[in-house]
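Letter by letter, the chains look like this.
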Amino acid sequence: MKVPFSGTREGEAPLTWGQRLMWRAVHLMGPSQSFLNCPWVLPVYGKRDLSSVLNALGRMLERHEGLRTTFHDTPHGPVQRVARSGELTVELAQAGPEGPLGTANRIAAELGTTVFAHGEDLPLRCVVVLSGDRPRALALVFSHLAVDYQALSLLSAEWRALLRGDDLPPPEWQPMEQAALEGEESFLERSRRSIRYWRSVLETVPLDVFDHPPGEPEEQRFIEVGMESVALAVAAERLAERLKISTTSVVIAACATVLAVVSGRPRAVMQLVHSNRRDPRTQSLVATVGQDGLLVLDLPDTGFTDTCLATHRSALLAYRNAHYDPFEMQAMREEIGRIRGREPDLDAFFNDRRGDGTWPNLPRLSPDQDLTPLTAKTHTYVTNAWPGVRFKVFFTLGTAPDTGQLSLIIDTAYLSRETARAMLLAVETLLVRSLTQDVPIAAVRDLTPVT
Amino acid sequence: MKNDLEHRLADLVAAVSGGEISPEDALSGDHSLAALGLSSLAWIRLIDTIEETFGVDVDLGGDLSALDRVDALAAHVSGLLDSR
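Residue numbers (our numbering), protein chains in the order written: chain A, 1310 to 1760; chain B, 1024 to 1107.
Calculated from the structure, these hints are not laboratory results. Careful: at least some of the hints might be erroneous.
[Stated by the list, open to error] Calculated from the model, a selection of chain B residues having no Cβ within reach of chain A, i.e. all distances over 12 Å:
id, residue
1, D1027
2, L1028
3, H1030
4, R1031
5, A1037
6, S1051
7, L1059
8, G1060
9, D1080
10, D1091
11, A1097
12, H1099
13, R1107
[As the list claims (entries may be wrong)] One-sided and incomplete, this derived list gives chain B residues near chain A with beta-carbon spacing under 7 Å:
id, residue
14, S1063
15, L1064
16, L1087
[To be verified] Chain A stretches covered by chain B per the calculated footprint, using a threshold of three residues with CB under 8 Å from any CB of chain B:
id, region
17, 1550–1564
18, 1699–1712
Just so you know, these numbers come straight off a predicted model, no measurement behind them. C-beta atoms are modelled at their ideal positions from N, C-alpha and C, and glycine is treated no differently.
Take these sequences, add in the hints, and give me the full structure.
If you want it as structure tokens, here you go:
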């Protein structure tokens, strides 16, 4: 099936900072860049026929220029090129025994395994999942050059209205406007300030994430170990409430502590994937806006309470300095590389994918209910493997609304999958124990046996 | 007696919080802005807005807790304005 679209304008502009970050990432990762693809599902609400669902999809592409954009290398640098009109090819599939949404989730994940040709393809693919002739869900995958998870949340939020055929006001801010804004002096100054901050860290940070030499990696070198823990989420909520900071800060604090302990260092340095939508105009922008902040956490001599508070302050500093031109940042990193012999390896990451930073559907527990029995229900599993995503350590807090979904990608040349699993469980234990005592940092070492 | 600067900053807090924090609560000083529910992102937006509105450069390298209350923020901004 073809879904035609016809927007209000076409155009070409430099890449936005968010796009530049992804442009560099897709080229660094090559065939493993499918890691960056964003699978997503939009349920079809109510009884709709196929043509009205495809219509709604076409209107979505018309509204958001980023969804009808291709990306091109030119002698003046890479550019975004917006098409005014075109067609999206859509496949149809019947719902399987796992139900329409289960089928759509599976298909979206499958669609995500194929790399986008960024200069030719529209930055999304779609399969309509049907029960008989009734459309039930859209299985989609988006290029990360076009969207981040905040943008996908925006699309979900307007999808119901699009299906109904409501008149929506046109978006006022598109990626081409963002690119122009980022060329203004106030934004360039902001970029320079962020780069100065990163530079001050890079001048002294250890050159490697781990002091020990790499060993023999597994055949698929980078694996992702996942954990689902209601106890982690409830404990993070209680600590956040108690300390008046966000659950994101609490979970970062636990992950950074465990990383510092495993690396045998008093300081954790991690990149924080940050939504970066601090300018009000970007709040409704369907584009990839997120950039990375740089967290520096010196473990206090005291306990985890102080660690959480220190993490919160360090994270604010990291977020503030997450607004920069990635090309200028790269130039600075290369300069540091020349001075120090090579670029420091900053491949330790944390990403909170929850759109609003909450878990809306956690089970209701009494405020002081002991969480230890809940930890027995926690399970861990290997979710994925890639040959070349190039991370040493990458924590991701997933979008599940009813459980703490924490995963960890590791480079198996440096850490075993057993260590990864122990690290995830140590994060959970640290958070749960902190509800009843201020866990001393020394005690965290006993939680993370390195194998 | 709250000065004009504190009132203006309290209005900015209300604006960046999307109305979730009233200027009166921000001014009262009973709680830190974080305790009133100002998110990390809104706090950064507040610092951005202060820089744009007053034409100052807020250095976050020091003790950030000094920037988590309207009276302390006002003292900080006032110092920056005086040193220009």
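Practice task
Establish whether the coverage given for the region 1550–1564 of chain A by chain B is satisfied; the threshold is a Cβ-Cβ distance below 8 Å, and no fewer than three residues must meet it.
Solution key: holds (count 5)
Practice task
Say whether it holds or is violated: L1028/B keeps its Cβ farther than 12 Å from all Cβ of chain A.
Solution key: Holds, because the least Cβ-Cβ distance between L1028/B and chain A comes to about 22 Å, which exceeds 12 Å.
Practice task
Classify the label on D1080/B as holds or violated, using whether its beta-carbon is more than 12 Å from each beta-carbon of chain A.
Solution key: violated (8 Å)
Problem - chain A versus L1059/B - minimum CB to CB distance exceeding 12 Å, so not interface - result: Since the minimum Cβ distance to chain A is about 9 Å, L1059/B lies within 12 Å and the statement is violated.
Problem - Beyond 12 Å from every chain A Cβ - status for D1027/B - result: holds (25 Å)
Handout entry: Proximity test - 8 Å, beta-carbon atoms, the region 1699–1712 of chain A to chain B, at least three hits
Key = violated (count 0)
Handout entry: Distal placement of S1051/B relative to chain A, Cβ over 12 Å
Key = holds (16 Å)
Practice task
Compute the least Cβ-Cβ separation between G1060/B and chain A, then decide whether it is above 12 Å.
Solution key: Since the minimum Cβ distance to chain A is about 9 Å, G1060/B lies within 12 Å and the statement is violated.
Problem - Assertion that R1107/B lies farther than 12 Å from chain A (Cβ) - result: Given a closest Cβ separation of 16 Å, the condition holds.
Handout entry: Claimed clearance of chain A by A1097/B, with the beta carbon kept past 12 Å
Key = The claim holds: A1097/B sits with its nearest Cβ about 19 Å from chain A, beyond 12 Å.
Problem - Hint status (Cβ of S1063/B to nearest Cβ of chain A, threshold 7 Å) - result: holds (6 Å)
Practice task
With 12 Å as the threshold, tell me whether A1037/B passes as away from chain A on beta-carbon distances.
Solution key: holds (14 Å)
Violated hints for the displayed structure, listed by number in ascending order: 7, 8, 9, 10, 18.
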